[in-house]
Every structure is written in C-alpha cells, then in structure tokens.
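Chemist: Okay, here's what each chain looks like letter by letter:
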Amino acid sequence: MIILSILPISLEQGLAYALVALGITLAFRVLAFPDLTVDGSFPLGGAVAARLIFEGVDPTLSAAVATLAGFVAGSMTGLLNTRLKINSLLAGILMMTILYSVNLRIMGRANIQLLDRPTMFTFMENMDISRYVPVIIFFFLVTLVIKALLDIFLHTEYGLALRATGNNEDMIRSLGVNTDNATVFGLGLSNALVALSGTLIAQDQGFADVGMGIGMIVAGLASIIIGEAMIKPNTVFRLTLAAVFGSFLYRFIISLGLRMGLAPTDLKMATGFMVILALGIPALKKSREGKIHLRGI
Amino acid sequence: MAAKILVLEGVTKKFNAGTLDEKRALDHIDLEVAQGDFITIIGSNGAGKSTLLNIIAGTYLPDDGRIMIADRDVTHAPEHQMARYIARVFQSPTMGTAADMTIEENLSIAELRGKRRGLRWAVTQVRRKRYREILKVLDLGLEDRLKQPVGLLSGGQRQSMTLLMATLTLPKLLLLDEHTAALDPRTAAKVIELTDTMVTQHQLTTLMITHNMNQALRYGNRMIMLHQGRIQIDVQGDEKRQLTVREVIDKFGTTLKDETLLACEPASSS
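Residue numbers (this note's numbering), protein chains in the order written: chain A, 1 to 297; chain B, 1 to 270.
Just so you know, not all the hints are guaranteed correct.
Quick look at which bits of chain A chain B covers, simulated, 3 or more residues with Cβ under 8 Å [stated by the list, open to error]: (1) 144-157; (2) 175-186.
Negatives, chain A to chain B, calculated, CB over 10 Å [to be verified]: (3) SER10; (4) VAL102; (5) PHE121; (6) MET171; (7) LEU262.
By construction, these hints were calculated from the structure, which means they are not laboratory data. These figures come from a predicted structure and were not determined experimentally. Every residue, glycine too, gets a C-beta built ideally from N, C-alpha and C.
The shape of chain A in the complex, shown without the other chains (with noise of 0.2 Å):
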C-alpha cells in the first residue's frame, strides 16, 4: 500500500530531477570531471526563471534563459580549470558559492513565490484528473527527449570527441582536439541541464528558494550509482538511461524513508551515507571486484 502511495510522487520527483543526474553524468562519468558547481547552478536555473516570470516573462522563455543562465555557469567552471589552471574541485566549489551571491542578486531576496504567476505548468490546474498525470507526462516527455538527444550527441563526431576527452585525455589531444574547448563546453551542457532541471522545479512547486541546491551533488551522485547498479553502464544508452532510473529509484527511496519515520532534515545526511556506503564497502571488503566503477571521483 504505501509503495503504491508513494509511487506518483517518485515518478514526479525522480524524472524532474532525472535532468540534474543527467548532467552529473555527463560531467563526472563522460567528462570524467568532478564538477561541484551543480549546487549552485540549480537554483540558478529556479532563481532566473522565477524573477523573469515575476518580472511577467512568458514562462517558457523563462526556462530557455535560465537553462542559458546554467551553460554561462557551466562554462565558467571550465574556464577557471582550463585557462587558470585551478584544480576541478576548487574551480566548482568556488563557482558554487559565487553563485549563491549571484541567485540572491537575481532574485533580490531569500525566495520568490509564483503561486499567482502563470507557469508552464498552470494549464494542468484546470483539469480534471489529479494533477500528478499531467506533470508526470510531462516530465516523463522532456527527460525523454533531453535523454534522446544526449544519446544523438555524443554519437555525433563532436560528441565522440568529448567522451574521448573523458576517456583518454592525451591521446584525443594529440588527434587534434582542443581538449580545454571541449571541457568548458561539456561542463556548460552539464549545467545548462542542470538548470533547466531547477527552473522546472521550481515553476512546478510554484518558488525558488536560494537553499534549493543544497546537497544536488550527492544526490545526483547516489542516483547515479543507484542507477549504474542496476544497469550496467556498458553504452552511452545504458549510461544515461541509469541516470534517469537510478533518480527514481533513489526519490523512490527516499520517500519511502519519509514514510517509514525518517525525519526531512535527516534527509541528506542519509544520502550522504548511501553514497559512502556504495563507494566505500568495496574498499572495505578489501576487494576491487565488484567495485562501482565511478569515473570522476
């Protein structure tokens, strides 16, 4: 019984945040960078679109600037690695708080409501079916069609060339590609997925709040080996497609914890845990079989 109650609000959660593992996945498992700036960039997209549809924006170019807001982020993370050499987790952990003060300035306060503002999910209100049909389709519709043309992506000529630049860094340089491009461009496709991801959330749940990025990594993270465990990650296909399934199964999961007693303010610490456990177990057992293959950490 309460799987099946928690079952629509996992598919909400899981597939609006699919676009956030999503882009984890293309930043630590394509690019093989530890890309923290995720903290910052998803609200990013939250903040921009919030002030832009209070600002009366039509709330659909809203989103398209704010996913346009979360590639600028994005980039400018490579850029610090690349350019000034600043070491990856450093370039990201630096955006991430310059991006904090940046989200405040955006949305000029703490958070912005949209209860009264039309969104792109306002035509649902008037239906007359629960409202979790229309937003479920229509998460389920984007990640769908985002999934699908990552896929295409990194099939392409260029895509190759920057799952190379993940893969073996020395070898597509010495093939002609200018790897550093390739990871400022990688990093602000990451982001700019992120954001959209957040400026979507946050016309769902009707705000943006400046804290709404707190712990994305990790849980993008436990989505991903959540995911990876459950479909082996042999192909760009399966890669992404772990994505997506482990971001239900871990929301999945987590609602589950909420329902059995787990208090919400626990909540990241024990997603903290779940990532520790996953990477860490295999160590401890002394054995590197059967170890989570995670690129990037």
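We have chain A; now place chain B onto it with these hints.
Modeler: Frame of chain A, contents of chain B only:
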C-alpha cells in the same frame, strides 16, 4: 633530393631551467628529414629521444630554435593543431586508444585527426564497412568485434590498432615512441613487421625511437643516435645498411647504457 618535410634548426629544450637541476634535454639540434625518410632513433635513457618527439609534436614548446613542417613554421603551434600533420604511437598500448569506447568509435576518432568535428553522426555505415575491411589486414579478428570496447583487447591488439589509427588518414609525419617496448617479444615482432609494411606501403615519413639496436639497423633508411641532447651519429643509405651492431657498440658502446646493449644480444635469434 626529395622535399624536406621536417626541419629543426638549433632546437633547444631545458628542464628546470635556472635551478641546480637544470638539464639540457635537447642541445641545439639540427635535423632535416626528407619526404619518405624512415628514421630510427637510438640513444640511452635520458638522451633526449622522447623529448625530441614531444617537441616535434608540440607537446613541449622549445626554449630556442625553429621547427618547420612542410615549409610552415610550427615552432609555437599547440599540440592539437599539430595533429593536422602528425600521427603518434606511444610506448604504452593504453595511451593510443580510448579504452571505454568501441573499436569503431576509436577508428572514427582517429579518422578525423586534425579535422573539424561537427554534429554529423560519427560511425556511419560507409565508415563501418571501411573499418571492417581495414581491420581484416591485421588478421586479429577485430573486424568482427567493432562494437566492443577497446579495453577488452590485449596490449598487442591495442597497439596494432593504434598503428592502424595513425595511418587511417595519412599523416605527413609518423612518430613512433618505442611502440613495441611494452609488448612480449612475439607480439613486438609482429607489430614491428606491421609497422614496416605500413610505412613502406604508404611511403610514410617516419621517426621511430627504439631501444633495440637490431631493429634500429634493420628498419628504415636512416638512423640517428642521440646522446646528452645532441645528435651523435647520423647514417643513411648504404652506410647504414652495412653498419652492424658490433660496429656501433665498438664505436659508441661507452655512451650507450647497458640496457641498450642487452637489448641486442638475444635479438640474433629472431
């Protein structure tokens, strides 16, 4: 005389410049390479062989001197731009291929060496068919494993593939950095034969570093020996053909370290 494809003028490279550890890896190297030359490079550890290839490929920038490829000054060109002219095969089989990507994807990456990469589908049917034909030449059964990740291949298979990738789009210059050193003797012999076939067949201008003096003498039309960042021997044509391992050792044995000498002892059995 054939056209000069590569010219080095007074190329110097120092490491740790200005410190007590300063080391002149290359010391005013002058070298002219003619179209179609197959040059073997020998020298003891630290003689500057790898540095020389890295300088030519743009991995390192020289401190002094000039590098010209096909009459173009490329002294300061970054590595990724040099890919237009140069293909490389490294010592470790893992360096020349992307392990997590499939055989056909690796070939496709290599085919576009130095070219613009766009949003076209990378592994088209036409390309796949061509790769299958080309891989048959290796006689390793790789033509039936196009969709398998390269990481599943053995070292020798990967190195053979890397060689194939280097010649998929013919380079102006092929650089081989001890590309058989990490392989077992039998595989190494196969890969070196394959190298010779490809270089001869395509008349590729090639620079090959080797620790094996037999190889250095047997293959190619010219041999140079580096010592302390300078070119100490430069022989070609008939002079090279008549040179024996014994003569080289007698003349320069003191400057070559044991490793190089050892490498040539058992080779007479091959």
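Chemist: Against each hint, give a clear statement of whether it holds in the structure.
Modeler: Going through the hints against the structure:
1. Residues of the region 144-157 of chain A with a Cβ under 8 Å from some Cβ of chain B number 4, which satisfies the need for three, so the listed coverage holds.
2. Counting residues of the region 175-186 of chain A whose C-beta lies closer than 8 Å to any C-beta of chain B gives 5; at least three are required, and the coverage claim holds.
3. The beta carbon of SER10 (chain A) sits about 31 Å from the closest Cβ of chain B, which is more than 10 Å, so the claim that it is off the interface holds.
4. The claim that VAL102 (chain A) is not at the interface with chain B holds, since no C-beta of that chain comes within 10 Å of its own (minimum 31 Å).
5. Even its closest Cβ contact with chain B, about 32 Å, leaves PHE121 (chain A) beyond 10 Å, as expected for a residue assigned away from the interface.
6. For MET171 (chain A), the requirement that its beta carbon stay farther than 10 Å from each beta carbon of chain B is not met, with the minimum near 6 Å.
7. With a least CB separation of 37 Å from chain B, LEU262 (chain A) remains clear of the 10 Å interface cut-off, as annotated.
Against the hints set out earlier in the document, a violation occurs for number 6 only.
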